[in-house]
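Could you put the whole structure together from the sequences, leaning on the hints where they help?
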Amino acid sequence: MVSSSAPATAAAAITFGFKNLIETFTVDVHRAENRPLNVPLIAPFTIASSRLEMVENVAVRIELSNGSVGWGEAPILPFVTVEDQKTAMAKASEACAFLRRCPSLTLGSMLEDIVAILPGHEFASVSDIQLNSSSSSSY
1 MVSSSAPATA
11 AAAITFGFKN
21 LIETFTVDVH
31 RAENRPLNVP
41 LIAPFTIASS
51 RLEMVENVAV
61 RIELSNGSVG
71 WGEAPILPFV
81 TVEDQKTAMA
91 KASEACAFLR
101 RCPSLTLGSM
111 LEDIVAILPG
121 HEFASVSDIQ
131 LNSSSSSSY
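Okay, so the sequence shown: first residue is 1 according to this note's numbering, each after it adds one.
Honestly, I wouldn't trust all of these hints.
Stated by the list, open to error - Think about it this way: if two alpha-carbon atoms lie no more than 16 Å apart in a straight line, the pair counts; the simulated EDC-like pairs of lysine to aspartate or glutamate are:
(1) K91 / D28
(2) K91 / D113
(3) K91 / E73
(4) K86 / E56
(5) K19 / E112
(6) K86 / E73
Unchecked claim - Here are the simulated distance ranges between beta carbons:
(7) F79 / K19: 33 to 41 Å
(8) N66 / F45: 35 to 43 Å
(9) E94 / K19: 25 to 33 Å
(10) T26 / S93: 20 to 28 Å
(11) E83 / T46: 18 to 26 Å
(12) P119 / E73: 16 to 24 Å
(13) L64 / N38: 26 to 34 Å
None of these hints come from the bench; they were simulated from the model.
Cβ coordinates follow ideal geometry from the N, Cα and C atoms, glycine included.
Given below as structure tokens:
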């Protein structure tokens, strides 16, 4: 029988939740662009007194220096969203220009800087997401 006089050590817990991601993941943007996303609907969509035959949203494409590519979309819904397509395109262009010229940043730092460009709405801000994730024990 082999005995060891060294005490057993517990492995450090590793979490891969949002809080860990915003603190450790480095974002190095190679390309960032936005474009109109005008798509006819298969069937008209009615909400309140509005009838939509097509959507006029904004698509955003971001490519990181490691080759990873992500797409996002800013939906525009008349009488529901505050922005129209022209305003959303201008703000997306501003955010993309910032991403193209900024140095490598942690995801959290980058999101904080984006909040200054795209302040959002009080019920859907990046700050709230960060606050909620840091107070949650599910990560």
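Each hint tested on the structure:
no., hint, verdict
1, K91 / D28, "20 Å, violated"
2, K91 / D113, "14 Å, holds"
3, K91 / E73, "13 Å, holds"
4, K86 / E56, "10 Å, holds"
5, K19 / E112, "14 Å, holds"
6, K86 / E73, "14 Å, holds"
7, F79 / K19: 33 to 41 Å, "36 Å, holds"
8, N66 / F45: 35 to 43 Å, "38 Å, holds"
9, E94 / K19: 25 to 33 Å, "28 Å, holds"
10, T26 / S93: 20 to 28 Å, "24 Å, holds"
11, E83 / T46: 18 to 26 Å, "21 Å, holds"
12, P119 / E73: 16 to 24 Å, "19 Å, holds"
13, L64 / N38: 26 to 34 Å, "27 Å, holds"
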